[in-house]
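So the protein sequences, as listed, match chains A and B.
Under my numbering, read the first sequence as residues 1 to 105, first letter to last.
Under my numbering, read the second sequence as residues 106 to 214, first letter to last.
Calculated directly from the structure, the hints in this document are not laboratory data.
As the structure is a computational prediction, the values presented were derived from the model and not from experiment.
Cβ coordinates follow ideal geometry from the N, Cα and C atoms, glycine included.
Covered, in the sense of this in silico footprint (three residues per stretch, anywhere, with C-beta under 8 Å from a C-beta of chain A), are these stretches of chain B:
hint : stretch
1    : 151-163
2    : 178-184
3    : 207-213
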Amino acid sequence: MKRLITYLLGFGLLLSSAVYAAADVEAGRVKGQTCLGCHGIVNYNNAYPSYHVPKLAGQHEAYLVSAMKAYKTGLRSHATMYGNVADLSEQDMQDIAAYFSQDSQ
Amino acid sequence: MKQLISHVLAVGVFVVSANVLAAADIAKGKEASAACVACHGVGGHSTSPMFPIIAGQHADYIIHALRAYKTAQRKNPVMQATAQVLSDEDINNLAAYFSAQAGLKTLRR
Chain A
1 MKRLITYLLG
11 FGLLLSSAVY
21 AAADVEAGRV
31 KGQTCLGCHG
41 IVNYNNAYPS
51 YHVPKLAGQH
61 EAYLVSAMKA
71 YKTGLRSHAT
81 MYGNVADLSE
91 QDMQDIAAYF
101 SQDSQ
Chain B
106 MKQLISHVLA
116 VGVFVVSANV
126 LAAADIAKGK
136 EASAACVACH
146 GVGGHSTSPM
156 FPIIAGQHAD
166 YIIHALRAYK
176 TAQRKNPVMQ
186 ATAQVLSDED
196 INNLAAYFSA
206 QAGLKTLRR
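Excised from the complex, chain A in its bound form (with noise of 0.2 Å):
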């Protein structure tokens, strides 16, 4: 019975490591290859209306994730923007996130 228990804490705790992954920055190069199209390029600009698309080196994670969920879910409008995250997961948008928040030279 004990050793039932410890077998169900650790399935647990694989489960719950499963869920709560940590951002991959390496994984984030490779599902963020499409946004360096517009955010990787110095003063690149945004077309109707025009004006630089946003600086994200050095932001929060948790910022760009939660701007990414604003762009899915309705609460900011740009239509690029939501044709590049609709199809994003959590884990995607958190790797991502992780590898734009890295500083840059």
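The hints should help you fit chain B onto chain A, whose structure is shown.
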């Protein structure tokens, strides 16, 4: 000739001063930033993960975001309330101030 010079000077002074008046005012932006500090930190260097760092962000992007909050195109209760009381001049000045701080950068591949 003297008259020509004075005309040129007058036009020059007028044009230059008009430009200065139209330009956003970083000092005024700093004054107006008092309301922003609680969340975005001094100079826009937020230390709270949920609130974006705005130091060094592009001025025109900050203007775009503030106008979007003001007109409720972007929905966020706190930012809508905060932006509501800002004039276009306030927004331009705040953007000039925060964008002039060292901070965010563009990620290089």
